[in-house]
Every structure is written in structure tokens, then in C-alpha cells.
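Counting from 532, one number per residue, gives the positions in the sequence shown under our numbering.
Hints are supplied without guarantee of correctness; some may be wrong.
Said to hold, decoys possible - Computed spacing ranges between beta-carbons, pair by pair:
(1) A565 x V610: 34 to 40 angstroms
(2) A674 x G694: 18 to 24 angstroms
(3) E642 x G694: 18 to 24 angstroms
(4) V571 x M597: 29 to 35 angstroms
(5) E630 x L596: 20 to 26 angstroms
Just so you know, these hints were derived from the structure itself, not from any lab.
Everything numeric in this text was worked out from a predicted model, so none of it was measured.
Ideal Cβ placement from N, Cα and C applies to all residues, glycine included.
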Amino acid sequence: LMASRIPTAKTPAASGAPTFAESACPARTALDAAAMPAPVGAPEPRPALWIYQGRWPWVPDFRTLMPVHEVPPPRIHAVLGRLPKQGVGALAHGVLEVEAEREVVFRAEGEGGCQLWVQGAHILECEAGDCSGGRTYALRLAAGRHPWRACLTAPFVTLTADGRDLL
532 LMASRIPTAK TPAASGAPTF AESACPARTA LDAAAMPAPV GAPEPRPALW IYQGRWPWVP
592 DFRTLMPVHE VPPPRIHAVL GRLPKQGVGA LAHGVLEVEA EREVVFRAEG EGGCQLWVQG
652 AHILECEAGD CSGGRTYALR LAAGRHPWRA CLTAPFVTLT ADGRDLL
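Please model the complete structure; the sequences and the hints are all you need to start from.
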């Protein structure tokens with residue numbers, strides 16, 4: 532490329548579009564309005580939970596650590612209620628079934644830390660204590676099954692999708 536064709540803050544871009552310095556970056560774009568399609572062959576909506584021991588100054592990606600316990604789906608609620616308030620973490624997987632295209636509001640609330648992904652999109656992140664007032668994120672989802680994954684540190688937050696518990 533010739534130096535005269537490289538866009539700078541003083542010259543417009545070759546395409547006529549404003550340069551990055553001239554444009555504003557909106558919080559929401561047209562892509563945010565489109566529904567996230569359900570992946571083909573998504574698993575049955577059955578949650579899974581793994582428990583980890585340790586203390587972390589942030590919420591780690593527990594997929595990289597060795598769990599101390601795997602919890603079978605029928606026992607998840609009972610086990611979560613009995614875990615200590617510190618020194619433990621959890622990795623949870625599940626599938627959210629959406630009947631028709633709509634905006635789904637995900638919410639994390641509590642004293643612990645949380646990271647939530649829906650189909651690989653990292654939609655919520657809060658370190659310990661950051662979710663005490665609650666954090667929400669609205670995501671437009673197409674009809675179908677949408678896998679989600681959460682990493683949590685004790686004391687565990689409550690995770691909901693449109694007011695229904697994910698765990």
C-alpha cells in the first residue's frame with residue numbers, strides 16, 4: 532500500500548466510512564438484536580455439577596482444574612444447599628430450552644463470584660461480592676436448546692433465566 536492511501540485521523544478511510552477515531556462505538560449493535568440460533572444437536576436439558584476445593588481471588592475457569600466431586604443431576608439442589616460458605620467452587624453445565632424466539636434475561640445474585648456463558652458467549656462476570664445487588668444480561672435467543680456453563684465461587688450466587696433457576 533502507498534502511504535497516501537492509509538487512513539489516518541486527518542484523512543477519511545479509503546471506503547468513505549469514518550475512521551475508528553471519528554466513529555462512536557454503540558453499546559448495542561444490529562447484531563445484538565438478532566436472535567442467537569440454537570445449535571444443532573444440543574443435549575437434553577439436564578444439569579451437571581462438579582465441586583472444587585480451594586480459595587481463589589477471582590473466579591477461575593474450573594475446566595482447567597481437577598474436581599473433588601461430581602454431583603449427579605438428581606442431587607444438585609441438595610448438595611448446593613449443604614456446601615460451605617468459603618473454600619469451594621463449582622462448574623455447572625446445563626441446557627436452557629426456549630420454546631419461541633424471545634429475549635431471555637439472565638441474572639446472577641449473591642455474595643460469591645460467577646461467570647456465565649451461553650453457547651460460548653461470555654455474558655456475565657462478577658467477582659466475589661460484585662453480585663450482591665444482582666447483575667443481569669438480556670440475550671435474544673431463537674427457539675431450541677441453548678447450552679450454558681457457569682463457574683461459581685462460594686458463597687454461591689443464584690443463577691436464573693427469566694426468573695427460573697438454572698441450577
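Violations among the numbered hints: Violated: hint 5 alone.
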